[in-house]
Amino acid sequence: MVNLIIDGKNVTVPKDTMVLEAARSAGVNIPTLCAHEAISRSGSCRLCVVEVKKGHRTRIVTSCLYPVEEGLIVDTRSERVQNVRRLVLELLLARCPKSDVLQKLALDLGVDPHPRFVPDTDKGKCILCRSCVRVCEEVVGVSAIGMSSRGSHKTVGPPFKEASSVCIGCGACVYVCPTGHIVMQSTGDKRKIWRRTFKMQACEKCGKYFAPVDQLKFISKKTGTPYKELAVCTECR
Amino acid sequence: MTNVSEIRKKTKLIVKKYSGDKSALIAVLQDIQEAFNYLPKDALAAAAKALGIPVSRVYEVATFYTAFSLKPRGEHVVKICMGTACHVRGAAAIQDKMERTLCIKPGETTPDQKFSLETVNCVGACALGPVVVINTEYHGQMTMAKVDKIIGKIKEGGAQS
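Chains as they are written, first to last, in our numbering: chain A, 1 to 237; chain B, 1 to 161.
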């Protein structure tokens with residue numbers, strides 16, 4: 001176990017815990033966008049910054065990637081931290097002015113409503129945190145989407161900007177996206193995502209469309225469960 | 001034009017050269033570009049399969065580096081250095097002249113597939129600035145007159161330069 005101080009509170013957590021988790025266990029809230037329990041950490045949204053004091057030096061670090069240390073003094077809302085966080089949010093908001101998640105965060109953190117940076121109009125709500133790419137690779141295991149280009153042209157999507165042949169239409173990327181950039185439309189027996197239309201499977205008992213056929217086929221292949229068993233929705237199973 | 005099966009065959013041979021090592025992806029892509037003058041879509045897919053890397057990841061790498069091109073390029077690739085030293089010594093004027101001589105903008109290829117024009121940020125030959133690299137040959141201390149001379153020479157001789 002490791003002892004540290006977070007916002008003046010004594011906290012004892014197991015070794016290898018990240019400062020973010022330690023703070024949450026002590027009831028201290030740190031805003032985050034890209035930290036998700038289902039995927040590995042990347043520290044790309046930079047909103048979870050905190051000030052850590054070790055000896056006589058203080059540093060600004062991303063709490064989601066900073067492991068706890070004995071005797072560490074963490075300040076999650078010092079003036080310096082707040083300034084960094086506000087700047088990060090201003091930059092994110094300049095990229096995605098239409099994102100309601102960012103707008104709400106800006107309100108919570110007291111970001112000046114007059115934009116300092118010229119807002120982008122073509123980036124949608126994507127903050128390039130790579131969460132969707134990670135979930136597709138680590139959890140789903142198909143790697144249907146990835147980043148392309150770089151700098152201001154960097155975008156997320158399937159390769160060659162066309163419908164991916166390996167995508168199973170599971171929607172995990174939609175689920176982890178912190179800002180709601182990825183659009184998935186499910187209407188009746190069709191589901192549209194990443195420029196591709198998937199046929200949905202109707203539950204054999206209740207008749208509700210509950211999952212894309214491709215996804216069930218993928219699960220069947222992966223787990224060896226017969227397709228027939230999977231063609232019943234989770235509620236009727 | 002190279003057909004799909006030929007592209008796949010060539011790509012497989014290239015991957016084999018690196019014994020299917022995943023970490024050799026960039027080297028593989030460089031060799032593919034060397035073979036076809038650009039990165040054909042089928043070659044990327046074949047390379048991904050042979051290396052055991054998702055296509056999305058290969059596409060990520062291929063689009064990240066400006067040295068890779070996913071569009072077919074001309075026989076002669078003209079790279080104008082826009083690095084600081086070349087810029088100060090008048091690279092912009094050279095670019096302007098080159099655009100007018102070849103009738104294309106950077107990133108484009110002439111309709112006869114002879115020339116492609118690119119701007120690069122530094123070729124590491126600052127003492128020679130302004131520099132223009134045509135295929136692998138460096139032309140230092142470029143002037144407007146030299147642009148006509150060099151391009152004319154390539155056009156008439158079809159000489160490898």
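Derived from the structure by calculation, the hints contain no laboratory data. Just so you know, not all the hints are guaranteed correct.
Stated by the list, open to error - A short, non-exhaustive set of chain B residues, derived as facing chain A with CB atoms under 8 Å:
no.	residue
1	Lys41
2	Lys49
3	Leu51
4	Ser56
5	Tyr59
6	Thr63
7	Phe64
8	Ala67
9	Glu156
The C-beta atom is built at its ideal place from N, Cα and C for all residues, glycine as well.
Results for each hint:
no. : hint   : result
1   : Lys41  : holds, 6 Å
2   : Lys49  : violated, 11 Å
3   : Leu51  : violated, 13 Å
4   : Ser56  : holds, 3 Å
5   : Tyr59  : holds, 4 Å
6   : Thr63  : holds, 4 Å
7   : Phe64  : holds, 5 Å
8   : Ala67  : violated, 12 Å
9   : Glu156 : violated, 38 Å
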